[in-house]
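Q: Spelled out from the first residue to the last, the chains are:
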Amino acid sequence: IAGITQAPTSQILAAGRRMTLRCTQDMRHNAMYWYRQDLGLGLRLIHYSNTAGTTGKGEVPDGYSVSRANTDDFPLTLASAVPSQTSVYFCASSDEFSGPDTQYFGPGTRLTVL
Amino acid sequence: LAKTTQPISMDSYEGQEVNITCSHNNIATNDYITWYQQFPSQGPRFIIQGYKTKVTNEVASLFIPADRKSSTLSLPRVSLSDTAVYYCLVGDLNSGNTPLVFGKGTRLSVIA
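Heads up: the protein sequence lines correspond to chains A and B, in order.
In terms of our numbering, the first sequence is numbered consecutively and its last residue is 114.
In terms of our numbering, the second sequence is numbered consecutively and its last residue is 226.
Please note: incorrect hints may appear among the correct ones.
Subject to a maximum C-alpha distance of 25 Å in a straight line, what follows is the list of computed DMTMM-like cross-link-like pairs (lysine to aspartate or glutamate) [said to hold, decoys possible]:
#: 1; chain 1: B; residue 1: Lys-117; chain 2: A; residue 2: Glu-59
#: 2; chain 1: B; residue 1: Lys-117; chain 2: B; residue 2: Glu-128
#: 3; chain 1: B; residue 1: Lys-166; chain 2: A; residue 2: Asp-95
#: 4; chain 1: A; residue 1: Lys-57; chain 2: B; residue 2: Asp-206
#: 5; chain 1: A; residue 1: Lys-57; chain 2: A; residue 2: Asp-73
#: 6; chain 1: B; residue 1: Lys-218; chain 2: B; residue 2: Asp-196
#: 7; chain 1: B; residue 1: Lys-218; chain 2: A; residue 2: Asp-62
#: 8; chain 1: B; residue 1: Lys-218; chain 2: B; residue 2: Asp-125
#: 9; chain 1: B; residue 1: Lys-218; chain 2: A; residue 2: Asp-26
#: 10; chain 1: B; residue 1: Lys-168; chain 2: B; residue 2: Asp-196
Selected chain A positions facing chain B (in silico; Cβ < 7 Å) [unchecked claim]:
#: 11; residue: Leu-39
#: 12; residue: Gly-42
#: 13; residue: Pro-61
#: 14; residue: Tyr-64
#: 15; residue: Phe-97
No wet-lab data here; the hints were simulated from the structure.
C-beta: ideal position from N, C-alpha, C; glycine also.
In isolation and in its complexed conformation, chain A is listed as follows (with noise of 0.2 Å):
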């Protein structure tokens, strides 16, 4: 059981450039979370998705955006990166049986925005 990937594992990004971040899980899970973790901040909610084909803004939407087209996938996408975005991205799942307060996470994507 895979449980949640994330790709790619890292990434150094000019600024201005497009990019997409892709977050897979394998349980069926309904619900799935993007995240950035940056020093001293904790982890903040950037979006997230409680079923296939809807979408929801977090703590922290803007410059980010988000798709659910199947119940797998989820990818986050920054349409023109900018330094600040630099951080490391937790993708995250839950079903609709344990709730959102029992989230799965995958191994993080560490992005640097030059």
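Fit chain B to the given chain A structure using the hints.
A: Relative to the frame of chain A, chain B by itself:
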């Protein structure tokens, strides 16, 4: 969503019991209390959850007083491998998939 407050950091020696307290004064009737653990360079992982009194599993114990305005995560006999950031979250399991707020957590450093 109920706001939580926990210490920024704690230090402990190996073999000691560590108690991390989280305050959640505005906890609602339907809210559960959940703790996550995050090791360096990894995503957080769920460790324990409770509603009231005491919950124990193979990793930790969770103590919740009657007024539920705080909770204490107890780690028995910590080892160096327990060095991690611990997050306290409060949320309503029955409210659908309402996202939770993780906050900054408590950074536990275990010293040999």
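Q: Now tell me if each hint is right for this structure.
A: Cross-check of the supplied hints:
1. B/Lys-117 x A/Glu-59: With Cα atoms ~14 Å apart, B/Lys-117 and A/Glu-59 stay inside 25 Å; holds.
2. B/Lys-117 x B/Glu-128: 31 Å, violated
3. B/Lys-166 x A/Asp-95: 23 Å, holds
4. A/Lys-57 x B/Asp-206: 19 Å, holds
5. A/Lys-57 x A/Asp-73: This hinted pair holds, its Cα atoms lying about 17 Å apart.
6. B/Lys-218 x B/Asp-196: With Cα atoms ~18 Å apart, B/Lys-218 and B/Asp-196 stay inside 25 Å; holds.
7. B/Lys-218 x A/Asp-62: 20 Å, holds
8. B/Lys-218 x B/Asp-125: Measuring from Cα to Cα gives roughly 17 Å; hence the hint holds.
9. B/Lys-218 x A/Asp-26: Outside the cut-off at roughly 29 Å; violated.
10. B/Lys-168 x B/Asp-196: It holds: about 21 Å lies between the C-alpha atoms, which stays within 25 Å.
11. Leu-39: Violated, because the Cβ-Cβ distance from A/Leu-39 to chain B comes to roughly 10 Å (cut-off 7 Å).
12. Gly-42: With Cβ-Cβ at 4 Å, under 7 Å, it holds.
13. Pro-61: 11 Å, violated
14. Tyr-64: Because about 14 Å separates A/Tyr-64 from the closest Cβ in chain B, which is outside the 7 Å limit, the hint is violated.
15. Phe-97: 10 Å, violated
Going through the hint list in order, the structure does not satisfy hints 2, 9, 11, 13, 14, 15.
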